[in-house]
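Just need the whole structure built from these sequences, with the hints factored in.
Mind the numbering: the sequence shown is residues 1 to 414 in my numbering, read in order.
One should not assume that every hint holds.
[Unchecked claim] Using C-beta positions, here's what the derived DEER-type ranges look like:
{"#": "1", "residue 1": "75", "residue 2": "42", "range": "34 to 42 angstroms"}
{"#": "2", "residue 1": "277", "residue 2": "193", "range": "34 to 42 angstroms"}
{"#": "3", "residue 1": "154", "residue 2": "134", "range": "22 to 30 angstroms"}
{"#": "4", "residue 1": "75", "residue 2": "282", "range": "31 to 39 angstroms"}
{"#": "5", "residue 1": "188", "residue 2": "37", "range": "49 to 57 angstroms"}
{"#": "6", "residue 1": "93", "residue 2": "136", "range": "41 to 49 angstroms"}
{"#": "7", "residue 1": "38", "residue 2": "66", "range": "37 to 45 angstroms"}
{"#": "8", "residue 1": "137", "residue 2": "244", "range": "52 to 60 angstroms"}
{"#": "9", "residue 1": "48", "residue 2": "186", "range": "43 to 51 angstroms"}
{"#": "10", "residue 1": "139", "residue 2": "42", "range": "57 to 65 angstroms"}
{"#": "11", "residue 1": "11", "residue 2": "71", "range": "17 to 25 angstroms"}
{"#": "12", "residue 1": "38", "residue 2": "193", "range": "38 to 46 angstroms"}
{"#": "13", "residue 1": "154", "residue 2": "38", "range": "29 to 37 angstroms"}
[As the list claims (entries may be wrong)] For lysine-lysine, the following DSBU-like pairs were computed, each having C-alpha atoms within a straight-line distance of at most 30 angstroms:
{"#": "14", "residue 1": "74", "residue 2": "140"}
{"#": "15", "residue 1": "130", "residue 2": "74"}
{"#": "16", "residue 1": "130", "residue 2": "140"}
{"#": "17", "residue 1": "77", "residue 2": "131"}
{"#": "18", "residue 1": "77", "residue 2": "140"}
{"#": "19", "residue 1": "74", "residue 2": "131"}
{"#": "20", "residue 1": "133", "residue 2": "77"}
{"#": "21", "residue 1": "130", "residue 2": "77"}
{"#": "22", "residue 1": "130", "residue 2": "71"}
Hints were generated in silico from the structure; no laboratory data involved. Ideal placement from N, C-alpha and C gives every residue a C-beta, glycine not left out.
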Amino acid sequence: MKKRLRNFDFTLLFTPLLLTAFGAVMVYSASYTVAVVKFDQPATSFFIRTLIWIALAMPVFAFFCFVPYQKFQKWIKPIMLVIIAMLVLVLFTGKVNGSRSWFNLGFFSLQPAELAKVGMIIYLSAVYAKKQKYLDSFSKGVLPPLIALGLILGLIVIQPDVGSASIVFLISCSIIVSAGIRLRHLSLLIAAGVGLILAVLPHMINEERISRFTGAYQPFSEDNVQDGGFQLVQSYLAIGNGGIFGDGLGQGIQKLGYLPEPHTDFIMAVIAEELGFVGVAAVLAMLAIIVLRGFYIARQCRDSFGSLLAIGISSMVGIQTFINLGAITGLLPITGVTLPFVSYGGTSLMILFASMGILNNIAKHVRSQELIVSESTFTQDKRGRRPSNRQRIRTTSTTTQTREKTRGGERWTN
Numbered sequence: 001m002k003k004r005l006r007n008f009d010f011t012l013l014f015t016p017l018l019l020t021a022f023g024a025v026m027v028y029s030a031s032y033t034v035a036v037v038k039f040d041q042p043a044t045s046f047f048i049r050t051l052i053w054i055a056l057a058m059p060v061f062a063f064f065c066f067v068p069y070q071k072f073q074k075w076i077k078p079i080m081l082v083i084i085a086m087l088v089l090v091l092f093t094g095k096v097n098g099s100r101s102w103f104n105l106g107f108f109s110l111q112p113a114e115l116a117k118v119g120m121i122i123y124l125s126a127v128y129a130k131k132q133k134y135l136d137s138f139s140k141g142v143l144p145p146l147i148a149l150g151l152i153l154g155l156i157v158i159q160p161d162v163g164s165a166s167i168v169f170l171i172s173c174s175i176i177v178s179a180g181i182r183l184r185h186l187s188l189l190i191a192a193g194v195g196l197i198l199a200v201l202p203h204m205i206n207e208e209r210i211s212r213f214t215g216a217y218q219p220f221s222e223d224n225v226q227d228g229g230f231q232l233v234q235s236y237l238a239i240g241n242g243g244i245f246g247d248g249l250g251q252g253i254q255k256l257g258y259l260p261e262p263h264t265d266f267i268m269a270v271i272a273e274e275l276g277f278v279g280v281a282a283v284l285a286m287l288a289i290i291v292l293r294g295f296y297i298a299r300q301c302r303d304s305f306g307s308l309l310a311i312g313i314s315s316m317v318g319i320q321t322f323i324n325l326g327a328i329t330g331l332l333p334i335t336g337v338t339l340p341f342v343s344y345g346g347t348s349l350m351i352l353f354a355s356m357g358i359l360n361n362i363a364k365h366v367r368s369q370e371l372i373v374s375e376s377t378f379t380q381d382k383r384g385r386r387p388s389n390r391q392r393i394r395t396t397s398t399t400t401q402t403r404e405k406t407r408g409g410e411r412w413t414n
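Given below as structure tokens:
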């Protein structure tokens, strides 16, 4: 056990745990009125469910910490088949608040789009790591994975769940760009994406989506203040009331029937009102530590699959945070995206801790590489000479990695 824990990245354990524990307290503070008035349940119902999900997430985190991440390369086909099957099935069986996005299993609900986020990270990382030699060819190296991506995005959009689709799309973009595709191929993809959006947009426009846009950018207009802009106006009031230090934990007013969904989409507005700028800054600092630590691990990893996997996971946390904050501040339309580790949501919490487990596994792999290199530096061969640089660079992964010069810098290929 000591050998296994020697390379453990405790930053990626204690930071998410601290953030989640803080989130559980804020979920209780934000949800007790909603639980009693809206759902006719005990005031502690959402808080207790959050504690149960945290307890369930710990074994999941441990499992993904100790299962070598390289195994996921062999499992991409069954992973994708399961995700596609769930996304298709939910269209016929799942319906919550007019959206076919959830499986209602009685004691809990499951959102397949959350599984699709980490599933696409694994799939794209594995495929583009394998196709490093073919990335100069658009038809062989770049295009094939995009067909699966288009299918996943299409299934999520028609639920409809534009927020999750946007996150999956942006995560995928971060992996594709990091894989090292040519600039002209990237330009072609951007042009194709813009064309597709312009072609699909007229079929997606309805009164609800129009109200979300006008509510985000004209919340105080006479037509929006009691309709599409109501949520944003209440969010502004909560943020403005908080000031620097806030009104005190549990002392917020906007959660008492004014701010819709205070324990999920708008929990940061509750934090701003009760703990002020200081509380918001602390949450953002912890989220930034997770994201930056993930990018550092990706930079240090010599395995192209592990590096892309770390980039995808870090991007997921960062992108989801940005979209959530953009919604509560009026920078972006409201899409129902929750704040990672803080907002109430069992499926999201499980996926996030599974992702942290994978990221920690990659970190352990990186540290084991560094340890091997440092030990070999001071080891002499039989003739009394130190090993060459080529001998020092060893890896515990299933593939041998070599370094290549690219237009974007360097990349490690199989």
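Cross-check of the supplied hints:
no. : hint                          : verdict
1   : 75 x 42: 34 to 42 angstroms   : holds, 41 angstroms
2   : 277 x 193: 34 to 42 angstroms : holds, 37 angstroms
3   : 154 x 134: 22 to 30 angstroms : holds, 25 angstroms
4   : 75 x 282: 31 to 39 angstroms  : holds, 37 angstroms
5   : 188 x 37: 49 to 57 angstroms  : holds, 53 angstroms
6   : 93 x 136: 41 to 49 angstroms  : holds, 44 angstroms
7   : 38 x 66: 37 to 45 angstroms   : holds, 41 angstroms
8   : 137 x 244: 52 to 60 angstroms : holds, 55 angstroms
9   : 48 x 186: 43 to 51 angstroms  : holds, 47 angstroms
10  : 139 x 42: 57 to 65 angstroms  : holds, 59 angstroms
11  : 11 x 71: 17 to 25 angstroms   : holds, 24 angstroms
12  : 38 x 193: 38 to 46 angstroms  : holds, 39 angstroms
13  : 154 x 38: 29 to 37 angstroms  : holds, 33 angstroms
14  : 74 x 140                      : holds, 20 angstroms
15  : 130 x 74                      : holds, 12 angstroms
16  : 130 x 140                     : holds, 12 angstroms
17  : 77 x 131                      : holds, 16 angstroms
18  : 77 x 140                      : holds, 19 angstroms
19  : 74 x 131                      : holds, 15 angstroms
20  : 133 x 77                      : holds, 21 angstroms
21  : 130 x 77                      : holds, 14 angstroms
22  : 130 x 71                      : holds, 14 angstroms
Violation of the numbered hints given earlier is absent; every hint is satisfied by the structure.
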